[in-house]
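2 protein chains.
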Amino acid sequence: MKKLRISLAQINPVVGDLVGNVKKIISYIKKAKKIKSELIAFPELAITGYPPEDLLLNPQFIKDNIKALHKVKKASKGINVIVGFVDCKDALFNAAALISNGRIIDVYHKKHLPNYGVFDEHRYFKAGRRCPVYNLGDMTFGVNICEDIWYKTGPARIQALSGADIIININASPYHMGKASFRENMVSTRVSDNGVVIAYVNMVGGQDELVFDGGSFVIDGEGRAVVKARQFKEELIPFDLEIQNIRKSKNKKSRGIKPKIPKWKKAEKVKIPYSAVRGEKPGIKMKKAVRISEIEEVYNALLTGTRDYVLKNRFKGVVIGMSGGIDSALVTAIAVDALGKENVHGLWMPSPYSSDESCQDAGATAGNLGIELKTISIDNIFKTYLKTLITEFRGTKKGITEENLQARIRGNILMAFSNKFSWLVLATGNKSEMSVGYATLYGDMAGGFAVIKDVPKTMVYELCHWRNESAGRQIIPERVITKEPSAELKPGQKDSDTLPAYPILDPILKAYIEQDAGFKEIKKMGCKPECVQKVIKMVDYSEYKRRQSPPGIKITARAFGKDRRFPMTNRYKSY
Amino acid sequence: MKKLRISLAQINPVVGDLVGNVKKIISYIKKAKKIKSELIAFPELAITGYPPEDLLLNPQFIKDNIKALHKVKKASKGINVIVGFVDCKDALFNAAALISNGRIIDVYHKKHLPNYGVFDEHRYFKAGRRCPVYNLGDMTFGVNICEDIWYKTGPARIQALSGADIIININASPYHMGKASFRENMVSTRVSDNGVVIAYVNMVGGQDELVFDGGSFVIDGEGRAVVKARQFKEELIPFDLEIQNIRKSKNKKSRGIKPKIPKWKKAEKVKIPYSAVRGEKPGIKMKKAVRISEIEEVYNALLTGTRDYVLKNRFKGVVIGMSGGIDSALVTAIAVDALGKENVHGLWMPSPYSSDESCQDAGATAGNLGIELKTISIDNIFKTYLKTLITEFRGTKKGITEENLQARIRGNILMAFSNKFSWLVLATGNKSEMSVGYATLYGDMAGGFAVIKDVPKTMVYELCHWRNESAGRQIIPERVITKEPSAELKPGQKDSDTLPAYPILDPILKAYIEQDAGFKEIKKMGCKPECVQKVIKMVDYSEYKRRQSPPGIKITARAFGKDRRFPMTNRYKSY
Numbered sequence: 001m002k003k004l005r006i007s008l009a010q011i012n013p014v015v016g017d018l019v020g021n022v023k024k025i026i027s028y029i030k031k032a033k034k035i036k037s038e039l040i041a042f043p044e045l046a047i048t049g050y051p052p053e054d055l056l057l058n059p060q061f062i063k064d065n066i067k068a069l070h071k072v073k074k075a076s077k078g079i080n081v082i083v084g085f086v087d088c089k090d091a092l093f094n095a096a097a098l099i100s101n102g103r104i105i106d107v108y109h110k111k112h113l114p115n116y117g118v119f120d121e122h123r124y125f126k127a128g129r130r131c132p133v134y135n136l137g138d139m140t141f142g143v144n145i146c147e148d149i150w151y152k153t154g155p156a157r158i159q160a161l162s163g164a165d166i167i168i169n170i171n172a173s174p175y176h177m178g179k180a181s182f183r184e185n186m187v188s189t190r191v192s193d194n195g196v197v198i199a200y201v202n203m204v205g206g207q208d209e210l211v212f213d214g215g216s217f218v219i220d221g222e223g224r225a226v227v228k229a230r231q232f233k234e235e236l237i238p239f240d241l242e243i244q245n246i247r248k249s250k251n252k253k254s255r256g257i258k259p260k261i262p263k264w265k266k267a268e269k270v271k272i273p274y275s276a277v278r279g280e281k282p283g284i285k286m287k288k289a290v291r292i293s294e295i296e297e298v299y300n301a302l303l304t305g306t307r308d309y310v311l312k313n314r315f316k317g318v319v320i321g322m323s324g325g326i327d328s329a330l331v332t333a334i335a336v337d338a339l340g341k342e343n344v345h346g347l348w349m350p351s352p353y354s355s356d357e358s359c360q361d362a363g364a365t366a367g368n369l370g371i372e373l374k375t376i377s378i379d380n381i382f383k384t385y386l387k388t389l390i391t392e393f394r395g396t397k398k399g400i401t402e403e404n405l406q407a408r409i410r411g412n413i414l415m416a417f418s419n420k421f422s423w424l425v426l427a428t429g430n431k432s433e434m435s436v437g438y439a440t441l442y443g444d445m446a447g448g449f450a451v452i453k454d455v456p457k458t459m460v461y462e463l464c465h466w467r468n469e470s471a472g473r474q475i476i477p478e479r480v481i482t483k484e485p486s487a488e489l490k491p492g493q494k495d496s497d498t499l500p501a502y503p504i505l506d507p508i509l510k511a512y513i514e515q516d517a518g519f520k521e522i523k524k525m526g527c528k529p530e531c532v533q534k535v536i537k538m539v540d541y542s543e544y545k546r547r548q549s550p551p552g553i554k555i556t557a558r559a560f561g562k563d564r565r566f567p568m569t570n571r572y573k574s575y
Numbered sequence: 001m002k003k004l005r006i007s008l009a010q011i012n013p014v015v016g017d018l019v020g021n022v023k024k025i026i027s028y029i030k031k032a033k034k035i036k037s038e039l040i041a042f043p044e045l046a047i048t049g050y051p052p053e054d055l056l057l058n059p060q061f062i063k064d065n066i067k068a069l070h071k072v073k074k075a076s077k078g079i080n081v082i083v084g085f086v087d088c089k090d091a092l093f094n095a096a097a098l099i100s101n102g103r104i105i106d107v108y109h110k111k112h113l114p115n116y117g118v119f120d121e122h123r124y125f126k127a128g129r130r131c132p133v134y135n136l137g138d139m140t141f142g143v144n145i146c147e148d149i150w151y152k153t154g155p156a157r158i159q160a161l162s163g164a165d166i167i168i169n170i171n172a173s174p175y176h177m178g179k180a181s182f183r184e185n186m187v188s189t190r191v192s193d194n195g196v197v198i199a200y201v202n203m204v205g206g207q208d209e210l211v212f213d214g215g216s217f218v219i220d221g222e223g224r225a226v227v228k229a230r231q232f233k234e235e236l237i238p239f240d241l242e243i244q245n246i247r248k249s250k251n252k253k254s255r256g257i258k259p260k261i262p263k264w265k266k267a268e269k270v271k272i273p274y275s276a277v278r279g280e281k282p283g284i285k286m287k288k289a290v291r292i293s294e295i296e297e298v299y300n301a302l303l304t305g306t307r308d309y310v311l312k313n314r315f316k317g318v319v320i321g322m323s324g325g326i327d328s329a330l331v332t333a334i335a336v337d338a339l340g341k342e343n344v345h346g347l348w349m350p351s352p353y354s355s356d357e358s359c360q361d362a363g364a365t366a367g368n369l370g371i372e373l374k375t376i377s378i379d380n381i382f383k384t385y386l387k388t389l390i391t392e393f394r395g396t397k398k399g400i401t402e403e404n405l406q407a408r409i410r411g412n413i414l415m416a417f418s419n420k421f422s423w424l425v426l427a428t429g430n431k432s433e434m435s436v437g438y439a440t441l442y443g444d445m446a447g448g449f450a451v452i453k454d455v456p457k458t459m460v461y462e463l464c465h466w467r468n469e470s471a472g473r474q475i476i477p478e479r480v481i482t483k484e485p486s487a488e489l490k491p492g493q494k495d496s497d498t499l500p501a502y503p504i505l506d507p508i509l510k511a512y513i514e515q516d517a518g519f520k521e522i523k524k525m526g527c528k529p530e531c532v533q534k535v536i537k538m539v540d541y542s543e544y545k546r547r548q549s550p551p552g553i554k555i556t557a558r559a560f561g562k563d564r565r566f567p568m569t570n571r572y573k574s575y
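Here the protein sequences line up with chains A and B, keeping their order.
Using my numbering, the first residue of the first sequence is number 1, and each one after it goes up by one.
Using my numbering, the first residue of the second sequence is number 1, and each one after it goes up by one.
Warning: the hint list may mix true and false statements.
One copy or two, it doesn't matter: identical chains are merged, so the pair holds either way.
[Stated by the list, open to error] In silico BS3-like pairs for lysine-lysine, Cα to Cα no more than 25 Å straight-line:
1) Lys-126 / Lys-562
2) Lys-89 / Lys-573
3) Lys-3 / Lys-77
4) Lys-152 / Lys-74
5) Lys-520 / Lys-537
6) Lys-126 / Lys-490
7) Lys-562 / Lys-545
8) Lys-397 / Lys-36
9) Lys-36 / Lys-524
Calculated directly from the structure, the hints in this document are not laboratory data.
I would like the entire structure built from these sequences, with the hints used as guidance.
Structure below.
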């Protein structure tokens with residue numbers, strides 16, 4: 001019985017940082033050699049970072065990415081390496097290089113290119129056609145990339161029929177709620193489809209609106225997850241493959257399935273020189289992280305996305321307008337967890353409509369988190385605006401204009417602190433507000449990064465509860481959680497004056513935005529027709545605001561931004 | 001010799017306005033019947049408007065679009081109609097219905113789906129496979145859609161070999177500079193490839209960032225444009241097809257070409273009942289619009305895009321911050337031409353750094369255009385901000401923070417007028433500024449629509465010259481054109497303090513942004529390396545600003561927005 005040691009490198013590359021990414025890849029190769037791995041696998045497009053978007057249209061970028069691959073090749077003496085890069089032949093390919101002992105043995109081209117949701121891969125890549133398998137000592141393996149594994153009749157089928165014992169699937173699979181267990185279940189199905197072991201290596205870290213959650217894993221021939229990496233952390237995940245065990249389980253499995261494929265799809269076999277593989281090694285402990293709860297997962301995604309946007313863009317700190325409300329309290333807590341309290345700066349910007357409670361609540365939140373909270377009253381500035389505009393606005397009714405003025409003064413002050421001290425402004429709007437446009441463009445929507453833009457209000461509450469529980473003390477003060485939400489832009493204002501209660505609003509928004517339900521279907525959920533109509537109208541109408549909103553972290557099945565591409569000029573009415 | 005009358009309907013649908021679009025389509029069918037056309041052809045996705053984007057993911061929208069098609073069907077007694085809609089079978093198809101005398105005879109599915117630039121068609125549609133031809137009396141014709149005609153071996157080839165006399169190609173082809181003549185030349189090549197007449201019908205009008213310029217045309221068997229519609233105008237374009245003439249010219253042409261296609265691609269023929277076609281009719285005058293100059297074309301595109309964004313979104317008017325500079329002067333002129341002077345409102349918002357010349361120039365521009373110009377000094381507001389922030393900013397140097405404050409006060413005032421009077425704010429930044437980030441987010445970048453966002457500064461000058469010449473008098477005052485550009489946010493400030501001169505900057509930007517040139521290639525154009533490096537750095541760095549900029553009209557080969565999808569977090573350096 002022969003043991004083969006494979007390491008999955010769950011790394012966090014930076015888009016475009018070819019030099020830095022190669023350095024990181026090489027450092028992981030060294031780690032893998034140290035523990036005597038025969039093979040190390042890196043994520044999809046590990047060399048360029050994912051998604052490189054239109055950088056891919058620049059020929060110099062493509063050339064530089066090939067040069068970067070050759071640096072990895074040189075560092076691959078005495079080991080086999082699978083690494084994602086952009087291959088350039090008659091077209092570009094989302095590719096995996098198989099490097100053995102300093103030589104590129106073969107290049108696999110991704111076959112199934114996702115072009116939905118946040119993905120635009122048909123914009124850049126041509127689909128691959130070959131599905132080879134490789135022999136490494138006693139083991140036969142196939143390599144494929146991300147989306148490839150989602151298809152029942154995809155490359156894994158062909159590779160299994162060509163004798164693969166194990167499929168190594170390299171990924172840059174962005175996070176959304178519940179996706180981790182969905183991936184494991186799907187890969188487990190693919191294992192039983194094909195009677196192979198599948199090792200799934202994912203990227204980790206934040207890139208603009210996306211978070212890659214890692215959580216790499218190995219599913220054995222029985223469909224069990226025998227290795228599980230943690231989510232949201234960089235790590236090297238080694239495991240030992242016992243060849244005879246695979247064979248046995250394959251034979252057992254294959255009794256049940258008789259897959260057919262057309263003859264012309266027969267996979268090629270490529271022989272890897274055995275010289276790269278060395279003798280028997282001592283055993284290692286196989287990692288088996290426990291999956292965290294959905295709400296902890298979301299919190300970690302927000303933390304990772306915030307940390308990486310701030311740090312990868314080299315900001316010195318962040319500044320947050322703290323209103324005493326729950327949204328800014330949650331964003332502050334996430335920022336402190338992501339960046340440390342000394343890098344988070346709070347501004348309390350009261351107007352005549354700000355309540356004493358809000359002042360106390362903002363102060364208590366800052367105090368609990370140990371950050372400084374500056375007070376800048378917007379009173380005089382607001383009065384001066386009103387005075388300046390008095391002639392032009394004479395005879396008009398006070399209303400939304402005057403409310404927005406206050407929000408925009410605060411936006412301007414936050415941006416002044418950003419300009420002065422190089423702090424990134426974190427916007428604090430949640431998905432419910434963003435959906436119905438209950439937010440002021442350039443006002444509370446101002447900021448470089450909108451941390452909870454994709455978090456529905458009802459989940460904001462859950463996250464605060466979770467954060468308090470996990471700390472074992474009140475981080476977010478009780479009253480911040482229990483009081484009625486208000487924008488405090490006029491006397492006695494409440495969110496509920498304008499919007500349905502959040503527990504009613506959020507399911508409508510989910511159905512309409514994430515599930516493509518029309519008016520008729522949502523009505524069937526038991527909602528009042530006039531309420532559904534109002535919500536749909538508000539969502540459609542406020543598309544122009546969202547188009548100018550800061551980027552934020554995707555945590556649901558469909559976020560705003562690249563994930564939902566909606567016309568602003570749009571007269572469709574489903575009601 | 002049999003004459004057949006065909007009408008091309010160059011119409012301006014509104015995205016999502018199924019009811020309005022059907023109404024328009026039926027009114028054009030009536031017009032075509034009145035002049036005894038046998039066949040009328042509408043643009044690609046005429047029923048839904050183009051591009052419907054993620055509306056297409058809503059099943060109710062798809063159903064409603066099919067219902068709308070059936071309304072068109074019912075209105076098609078006594079005529080043949082080709083109309084673009086979304087077909088729904090096992091997947092969605094970008095489709096053309098062929099309706100004859102109130103019956104749907106066949107549906108063509110677009111074969112080549114563009115997925116580059118502003119296009120995302122693989123996101124929504126499956127590619128078609130059939131390339132049928134139809135017999136209408138003596139005429140055999142094929143229908144295909146937009147991108148299909150750009151491929152030498154596309155459907156037109158198959159349809160021609162199946163005996164088509166004429167190909168009717170329906171389009172929603174967005175404008176960029178020089179595209180109209182490019183299209184004519186390309187279609188002329190396709191005519192000589194295949195020995196057929198090609199009728200090209202395009203959409204017209206603005207939709208968010210896109211303008212469809214119309215300019216429909218017919219290329220005869222000799223490669224001559226025998227019919228040319230105007231650009232940027234809705235119109236019905238009838239022409240008479242003389243069957244024997246086509247046949248003769250086809251025979252002549254076909255001596256030169258012997259195209260080969262694999263047998264399995266053989267097209268089907270569908271017979272249309274002849275009942276829909278009536279007897280001989282009096283001749284019509286074939287339209288042959290003269291193509292306008294490139295700069296007039298750009299001006300008209302900007303006018304059309306502005307008019308349609310404002311009117312399709314039902315705004316009551318627009319408000320523009322007029323600085324006395326050339327950018328706001330040009331935007332105001334375009335707005336007045338698009339919407340009428342009574343719907344355009346100017347604001348002159350002086351600060352202590354505004355010059356007397358600027359005041360006079362803003363006034364003179366407003367006077368020449370006949371619009372009101374209100375004065376709102378930002379002086380007191382600016383002072384109050386500085387006073388409010390004095391403690392926190394003590395000991396820091398005056399600089400970009402104080403400049404941005406002024407720009408953002410103006411942004412806030414413009415938005416207050418927008419909120420109060422339901423005027424859309426037109427932002428006035430040009431492409432050169434937008435590229436290098438020489439603009440204040442939420443300040444001069446504030447607005448609902450950025451008219452000249454894709455117009456390089458050097459072209460802003462050309463457009464002003466053209467507008468003055470075409471008026472035969474000074475619309476944009478001479479001094480506005482000749483004085484040195486300045487943001488006037490600090491004493492003696494000039495754009496040239498920060499940026500290379502625009503005639504040097506603009507070609508670098510064009511190479512980098514529109515032509516995917518890297519540092520090395522741009523250097524070869526004869527630019528100073530340190531200048532190129534500085535410009536590339538500025539462009540890359542300011543991606544975060546552009547991500548929050550208002551939408552604007554695409555007029556170049558590559559605009560910002562959906563046309564150029566760039567990561568914000570990006571460490572790639574090509575220098």
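Hint check results:
no.: 1; hint: Lys-126 / Lys-562; result: both (21 Å within a copy, 21 Å between copies)
no.: 2; hint: Lys-89 / Lys-573; result: between (47 Å within a copy, 23 Å between copies)
no.: 3; hint: Lys-3 / Lys-77; result: within (21 Å within a copy, 77 Å between copies)
no.: 4; hint: Lys-152 / Lys-74; result: neither (36 Å within a copy, 44 Å between copies)
no.: 5; hint: Lys-520 / Lys-537; result: within (14 Å within a copy, 50 Å between copies)
no.: 6; hint: Lys-126 / Lys-490; result: neither (56 Å within a copy, 52 Å between copies)
no.: 7; hint: Lys-562 / Lys-545; result: both (15 Å within a copy, 16 Å between copies)
no.: 8; hint: Lys-397 / Lys-36; result: neither (76 Å within a copy, 57 Å between copies)
no.: 9; hint: Lys-36 / Lys-524; result: neither (60 Å within a copy, 48 Å between copies)
In terms of the numbered hints stated before, the structure departs from hints 4, 6, 8, 9, listed from lowest to highest.
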